[in-house]
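Asker: Next come the chains, spelled out residue by residue.
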Amino acid sequence: MRVAIAEDSVLLREGLAALLTDAGFDVVARCGDAAALLSAVSSLGPQVAVVDIRMPPTHTDEGLRAAITIRDRHPSTAVLMLSQHVEPALAMRLFADSAAGAGYLLKDRISDVAEFVAAVRRVAAGGTAVDPVIVSSLVARRRPDDPLDALTPREREVLELMASGHSNQGIADRLFLTLRAVEKYVSSVFGKLGLPATGGESRRVLAVLLFLRQDQVFPG
Amino acid sequence: MRAGLAVAGLAAAAMSIALARPGGHLLQAGLFVWILLAYVSCGLLAWTRRPESAFGRLMVLVGFGASLSTLAWSSNALLHTVGLALDLLVVALFLHVFLAFPSGRLSGPARPLVVTAYAVSIGLQLTVMVLGGFGPGNLLRVFDAPSVAEVVHGVELVTLSVLLLAGLGLLGVRLRAEPRAVRWLIGSFALGLLSLAVLLVLGLFVIPGFAQVQQATLAVLGLAPVAFLAGLLDARLARASVGELVLALRREPDDLSPCLARALRDPTASLLYWLPQYRSWVDHDGAPAALPSSATLIERDGEPVAAITHRPADRELLEAVVAAVEMVIDNGRLRAELRAGLLEVRASRARVLEAGRRERRRLERDLHDGAQQRLVGLSLRLGLLESRLNDDPAARQALAAAREEVATSLSELRDLAHGLYPAVLSGHGLAVALESAAAQATVPVRLEVGLDSRLPEPVEVAAYYVVCESLTNVGRHAGASTARVEVNRAGDVLVVEIADDGVGGADTTSGSGLRGLADRVEALGGTLRVWSPGGGGTRVRADLPCG
Chain A
1 MRVAIAEDSV LLREGLAALL TDAGFDVVAR CGDAAALLSA VSSLGPQVAV VDIRMPPTHT
61 DEGLRAAITI RDRHPSTAVL MLSQHVEPAL AMRLFADSAA GAGYLLKDRI SDVAEFVAAV
121 RRVAAGGTAV DPVIVSSLVA RRRPDDPLDA LTPREREVLE LMASGHSNQG IADRLFLTLR
181 AVEKYVSSVF GKLGLPATGG ESRRVLAVLL FLRQDQVFPG
Chain B
1 MRAGLAVAGL AAAAMSIALA RPGGHLLQAG LFVWILLAYV SCGLLAWTRR PESAFGRLMV
61 LVGFGASLST LAWSSNALLH TVGLALDLLV VALFLHVFLA FPSGRLSGPA RPLVVTAYAV
121 SIGLQLTVMV LGGFGPGNLL RVFDAPSVAE VVHGVELVTL SVLLLAGLGL LGVRLRAEPR
181 AVRWLIGSFA LGLLSLAVLL VLGLFVIPGF AQVQQATLAV LGLAPVAFLA GLLDARLARA
241 SVGELVLALR REPDDLSPCL ARALRDPTAS LLYWLPQYRS WVDHDGAPAA LPSSATLIER
301 DGEPVAAITH RPADRELLEA VVAAVEMVID NGRLRAELRA GLLEVRASRA RVLEAGRRER
361 RRLERDLHDG AQQRLVGLSL RLGLLESRLN DDPAARQALA AAREEVATSL SELRDLAHGL
421 YPAVLSGHGL AVALESAAAQ ATVPVRLEVG LDSRLPEPVE VAAYYVVCES LTNVGRHAGA
481 STARVEVNRA GDVLVVEIAD DGVGGADTTS GSGLRGLADR VEALGGTLRV WSPGGGGTRV
541 RADLPCG
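Top to bottom, those sequences are chains A and B.
Under my numbering, think of the first position of the first sequence as 1, with each following residue one higher.
Under my numbering, think of the first position of the second sequence as 1, with each following residue one higher.
Careful: at least some of the hints might be erroneous.
No farther apart than 25 Å at their CA atoms in a straight line, the calculated lysine to any residue pairs in the SDA-like style are these [unchecked claim]:
id	chain 1	residue 1	chain 2	residue 2
1	A	192	B	482
2	A	192	B	409
3	A	184	A	94
4	A	184	A	196
5	A	192	B	442
Derived CB-CB ranges, DEER-like [unchecked claim]:
id	chain 1	residue 1	chain 2	residue 2	range
6	B	481	A	98	48 to 54 Å
7	A	149	B	352	44 to 50 Å
8	B	254	A	139	46 to 52 Å
9	A	44	B	513	34 to 40 Å
To give a feel for the contact side, a few chain B residues facing chain A, derived at Cβ under 8 Å [unchecked claim]:
id	residue
10	48
11	223
12	377
13	382
14	396
15	397
Worth flagging that the hints you see were computed from the coordinates, not collected in a lab.
Fair warning: this is a prediction, and the values are worked out from it, not measured in the lab.
Glycine residues also receive a C-beta, built at the ideal position from the N, C-alpha and C atoms.
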């Protein structure tokens, strides 16, 4: 699987490359800034790009803008964004109207190699990865007549894993359940929350995230 | 003294008429008497009303001086000679009195002008007489050179005429500087000087209309005291306004400038204070102000304490106003000093906060590029090591523990960095930063951000903290189920409002973090208000200047 890496810290960039090479990825581009990434993506067409959100020259929003541009112009290249901050708004900017083939993880997640590699594969395959910290802060919020109160602890776990972007099989593997049991929990959760159970696994992430967020945002 | 002068004035009038009768100069004598009585009576009135001003005395002198020339009509040789010698003194006196208005003192170029006029009107007149001018009966005749005397007399008349015109020029300069009320008065003086100058030049030639011009001139000169009387009344009105000023000042108004403007009848008038510790003039609000050159200083022990800025004004009125203001100036000065101090404190607080903000931003960057980056690198290497390790359970366990340790450190560092400075704000702007804050709030938030451009970063940071702190309070104290955040720009003000549907009754005094927010907002010149009625939810509103 072909992957491009954009990260301005040489140490991290080479570490990431080594990690992904070890895991069987073909690292086709190692970029130090957003411009290099964009040209690598358009010329090499990797299946996935792992992008640091804060890059030169201004270290502000170059990474995010590059990621959005790639999603816009090169839909066949998935994007996994890495950040040192928990910023749900930036994740939502990246997902815009579809979370398929996109991910937002804290850089910390790199240390759990197996988990991280799985997330890169998932995103590359058109799935989603949402950092658990974002999901848990959304799940923890108080709501008027909280519908989450109706969930069993097991259903809550399933909900959080769904929101993080895991597939039913992924959830089954993590919770040591059968696929059928997971499917049952999923439909129960959707029923209790009043969410339409339509759409595949990749589309339900955004629906669940938006439900959990339950903010109304009116951009100016 | 003044009664005596009045009697003397009447006697002089009677004398002039008596002297005129034999020669048939009655009409001319009448005009001289008109001048005598007008100047003496008006002079005495002015003397009574404003004893501190020399002007009244000067007018009395002019009255008597004018009647002296009628002595020339006397058949007594000595009186005739004295009358002749003082015939043109009245010209210098008129010049003197008009230029000395209203204080009775001469200043600047007026002084040498008047002195020269006196010297010419007496000196050259005596020279003419010594040379045998003015025909027989002149007791001072030493030489018999009437033609030379005539030339000298001509020079005398022309010189006096030129001096009068120069005086006219001085009046013209003053006319522009005087308040409107005094202008017509100066104008009547100017007319008097002009007609006198014309009369003197006409005296060189023998022309038929001379007597008529002389009579008209004397009539005009006699009118000047009437104009002056009106001016005196005007000045009395001005003095009444000083009385009003004193009354107004007794009520201890916060700002003295409006009272000053009324008293001086000058809407531009204002009071400035000198604050030696700032080496600066400040206005009522304590804001630094430039001192215009035309200002009148109020001094104490040789040091300026305040200044009245004004358009050119009557000096005595100004002195009265200064005297009135001096009594109450200390309070006003203290208030201005307090305000200046407050402005200074506010500015220094803003500087301190801004320096703190920059420092926090720098620290956050250092953390991001330094410690955080290194720890991420370390955890990555640990992860790689772990994945490459052969199946040695003990080593795997030790590595996993180390990885956990690093993960905890990273999480703590992340909180620390975000607490130091919201990097998302400088990177992505207020709207995105608030969206993230809303998404992480403990209750659902309805967020409305009506901004179409970035704002100065200190303003964005303050707005961000107001929202975050308020949302934290909502989570901690309010018992609310939802919150609403609205951020909109109204002209040059950014209005940030956070409202919840909680229990209200928030502690707005201390320890709630609201004080710190208020400091932050006020340092930028903004205001923070909190409404928290019991049972009615809490509403926080910050108005931040962002122009």
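Asker: A separate judgement is required for each hint: does it hold in the structure or not?
Answerer: Going down the list of hints, with the structure as the test:
1. A/192 to B/482: Cα-Cα ~21 Å, so holds.
2. A/192 to B/409: violated (38 Å)
3. A/184 to A/94: violated (30 Å)
4. A/184 to A/196: holds (15 Å)
5. A/192 to B/442: The hint holds at about 21 Å.
6. B/481 to A/98: 48 to 54 Å: Check failed, 31 Å falls outside 48 to 54 Å.
7. A/149 to B/352: 44 to 50 Å: holds (47 Å)
8. B/254 to A/139: 46 to 52 Å: Check failed, 58 Å falls outside 46 to 52 Å.
9. A/44 to B/513: 34 to 40 Å: With a Cβ separation near 51 Å, residue 44 of chain A and residue 513 of chain B fall outside 34 to 40 Å, so the hint is violated.
10. 48: Because about 77 Å separates residue 48 of chain B from the closest Cβ in chain A, which is outside the 8 Å limit, the hint is violated.
11. 223: This hint is violated: residue 223 of chain B lies away from chain A, its Cβ roughly 76 Å from the closest one there, beyond 8 Å.
12. 377: Cβ of residue 377 of chain B sits 5 Å from chain A, so the hint holds.
13. 382: Because about 6 Å separates residue 382 of chain B from the closest Cβ in chain A, which is inside the 8 Å limit, the hint holds.
14. 396: violated (12 Å)
15. 397: Because about 15 Å separates residue 397 of chain B from the closest Cβ in chain A, which is outside the 8 Å limit, the hint is violated.
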